[in-house]
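S.K.: Given chain A's structure and the hints, the job is docking chain B onto it.
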Amino acid sequence: MTDDYRITQHPVLAVPERRKIKFRWNGKVLSAYEDEVISSALFANGIRIFGHHQKDGSAQGIYCANGQCSKCTVIADGIPVKSCMTKVRPGMEVKSVEGLPGLPEVTDKQERKEIEEIAIDVLIVGGGPAGLSAALQLGEHRVRTLLVDDKNELGGKLVLQTHKFFGSVEDSYAGTRGNDIGRLLAEKVIADPFIETWTNSTVLYVFSDRRVGIIKNGIYKNVKPKIILNAAGAREKFLRFRGNTLAGIYGAGAFQTLVNRDLVKPTSRLFIVGGGNVGLISGYHALQAGIEVVGLVEALSRCGGYKVHADKLKRLGVPIYTSHTVIAANGKETVESVTIARIDKSFQAISGTERTFSCDTVLIAVGLESVNEFTREAEEAGIRVFSAGDASEIAEASSAMFNGKITGLKIVRELGIPLADIPESWYRKAETLKSEPGRIYPQRAPESEEGIFPVIHCVQEIPCNPCSTVCPTHSILIEGDPILGIPYFQGKCVGCGKCVAICPGLAITLVDYRQDKDMPTVTLPYEVSNHQVSPGDEIVVTDIAGNGLGKYRIEEVVDLKTNNRTQLIRIKVPGNIAKKTVSFRIQEEMVSQPLPGAIPEDRKSDAEMVCLCERVTAGEIRALIHRGITDLNQIKAITRAGMGPCGAKTCDSLIKQIFRQEGVPLTTVEPNTRRPLFVEVPLGRFAGEVGGDDE
Amino acid sequence: MNKSFDVIVIGAGSVGVPVALAAAARKLSVLVIESLPSPGQGNNKKAIGGIRATHSDFGKIRVCQRSIEIFSRWQEEEGDDIGWMSNGYSFPAYTESDERNLKDLMQIQQEFGLKIRWVTPKEYETLVPGINRKGLRGATYSWEDGSASPLLSLNAFYFKSLSLAAEYRFRENVQDLKISRNRISSVITDKGEYQGGTIINTAGNNARGIGALAGLDLPVFPDNHEAGITEPVARFSGPMIVDMRKEPGSANFYFYQNSEGQVVFCITPDPPLPGIDNLSTSEFLPLCSRRMIEVYPRLRNLKVRRTWRGQYPMTPDGFPVVGRSREIDNLINAVGMCGQGYMLGPGLGELVSRIITAELCPDDIRILKSFDPYRDFSGMEQFK
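Going line by line, the protein sequences match chains A and B. The opening residue of the first sequence carries number 1 in my numbering; numbering runs sequentially from there. The opening residue of the second sequence carries number 1 in my numbering; numbering runs sequentially from there.
Covered stretches of chain B (in silico footprint by chain A; criterion: 3 or more residues with CB under 8 Å from a CB of chain A, positions within the stretch not fixed):
#1 37-47
#2 229-235
#3 281-288
#4 294-303
A few chain B positions that, by computed beta-carbon distances, are all more than 10 Å from chain A:
#5 S29
#6 E76
#7 G79
#8 S97
#9 K103
#10 L105
#11 V119
#12 M244
#13 S250
#14 P269
#15 M314
#16 D317
#17 Y374
#18 G379
In case anyone wonders, no lab produced these hints; they're calculated from the structure. Here the structure is a predicted model, which is why all the values come from computation and not from measurement. For each residue, glycine too, the CB sits at the ideal point set by N, CA and C.
The shape of chain A in the complex, shown without the other chains (with noise of 0.2 Å):
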């Protein structure tokens, strides 16, 4: 195996020692690692296309790599499975899907056992920040709370965020990286004695006799609770562009389970649809995993997101088109290159400002969903359910741990067990956390030229304060709303440099005078240390918003344990640039160059896919509402769009954007029915067969 599609250092990330096994594919021997899940080891081997559409023989690759979609199917020793749910065995006979599969081969007789059912207090739906901080909730009140997740490892999509996070230091952890919060949160839950975890178990469906059916670890389980937690989370929204189909598309969750969790490197070029958080921090994962991020496109006129991630990415080198959207992908099986153009008041692309970049992989994060599935139906079975996190409402996961903390003393107190109130500020608390980024302001650095201060280029109103929290002096302040309101610096500086190395936003700097005035020493953080600086290097320093103010060396880079892998750049500037600059280029203006004279390829706008699943195109659905056709159980019943495996996740939004579009108000439009299952199951596990550990 080489390397090439492996990350094999990583500024924040532990590169562990792994065992390697040998697996086929399509008859060819293969490396992997022990325990990785079997579409990591293909990226890992740089493969991308995991078989061909049955419909229309398009190529398939991974979309969601969190278990929902389907898109990734193989077979695996004769079976078909999720690439991405289930690891790769040694020895394992891996073979792409070609058109359908046949019927999956048969071991001989199989352990059958009754079917056990669990009577539990508290069902908590889902592992990551919301259903984690709630447990400890009530495992804290002595409540019998079984706690279920997917995957192998409790923490949600915390596992996947390398970056500092925002949101209050005392209420959720502010200024520690996600992982670790993860990490942290995941072995109090496993250590307490009134919280039983299942891992790798699937939730499939809240049955109408209060039986909520669970497959864990291969084994069909029905739980009775009194209350359901929905701590689901959220699933991606899908985006409707020519070309939309191409192996090398897929969602940001994807992306950060493959680089981050799985440290395979899936991409060398990347581009970006979506400039919310979620995007915006995915192109700064994939610079940290030395991935080149051609461009992001954000169809709003200001990203979603916090300014200060747009800015990170800005300054490191990344251009963010905004007013922009992606009218295409071009390629013939994967994406080769990328067409995006600016967009009128109307979201209407303008002729003639088509510019075309290459680039292997389109990620897309244009929004979440909620997971609201389990709430539903247990509301439908008469089960007294909750919800908390994205399952509840989409925000930031430090909003989602407060969130679920507050949820889980509300279901004691629904138990009947005695507690004092929750007290009012929690709530007002909890609001704050969930607030959309604010308004900006104009931003005031110390008038002062002496002596050595921070300098904060942080002037978005976001739910954040670390900075605020670790300066041992107390001399950041925060106007306003104690978490919302913008930092400054107000009082003596020692230098440390704590509130440089905690910025999440890495937004602040530290401006010294005290050696030479005319070239003071600046302080810039930095993360992505496998884009390695030292000592003498030359490097463009920019500004708040990436513009370039000039060439420098760098003097120093501190490397202190204490700061959690952000590394301290020293680096003296003029003084009229000092307090203005913040960071520095690590990528090439080549990269973000446009093909010369690309034309896009001319796919009718019709052809874009609704859904993946059956193939079902915009057109398709288009002509439809054209009949009249207002039900979208009439729009499965004839074209098949939601019958497929993902249970209509992906085109639900989509095809009610169309029916938007073509001026039906989505108040006359009747809902598709949901029915079970949440995810697809083998017949024989329901029958009490004992399955492997993949399902």
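M.R.: Same frame as chain A, but now just chain B:
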């Protein structure tokens, strides 16, 4: 807006839509009133798609023979692919008495001209490779029976009826039937009032309620059934497999591989679950999976994709209730399909249109005897 029609059909389901199509084809003006938002959203979409003529009595046999003609020729004549496959039906026998009953019935069916024969276990295995042959005594095999997609066919019938000028009002509830001089003078909904020459009750689950609006007591009582569908795989199995054995919790079950390659399966709960409850219970999948794997072990690793619940609008003897009302001159009931509305629908649609225009042939009269609303309901269908 035209508020007066030759025919008003109440219910746009497995029977109502074909009735509308057949009536419109006879140049009658047709209005269909449906409470749900689109056609086939009641129990039509719950059907698993099996279509057979191999029943036990003349009425159902003849109607379904005509249905099969319509289903099987639809693509050729109308162009829409409705997923028709002539994959046949099979009833395997595992007990001596089942074998005897099936063989006795087969004789009657053959006399009606149905293509059905007895196959040995060995031969059956070529049709259903991998079937559990333990205790298997043979099976009936009726190769002209088949299957189609209820969703595609009903929509095809619907669009065809629209092209013949049938009108539909969806999301509209029939609230009252105004009766004067033994006739329904108008149909009153929550959105309007309509006059019709003939009123057809094809209201499926709600047939009894509609009948009550006309002062009738129609013996139609829905009970719940549950079904499921798997992921698609390459073709490996042929006919519908109906396991008639009664086991704790279930009376019988049946499954087949549809035109998409998916295995569709359904079980008849025992004792029956009367009423209308579309919510899935935890009992269905374990019950059905055990039986299916017992009969067909090769299915154990096939993944279940979706399950759902629907109703059989049952009558006391298991036969439909079809015919002109004696009490209300212009009312025709076509109700109580007992779970076979989808396969009976197209044939029945034409038959009902002949009742409307009083063009019944001798066969029709014989069929209607089987379905007579005024019959003695104490008999029992042998072969549901």
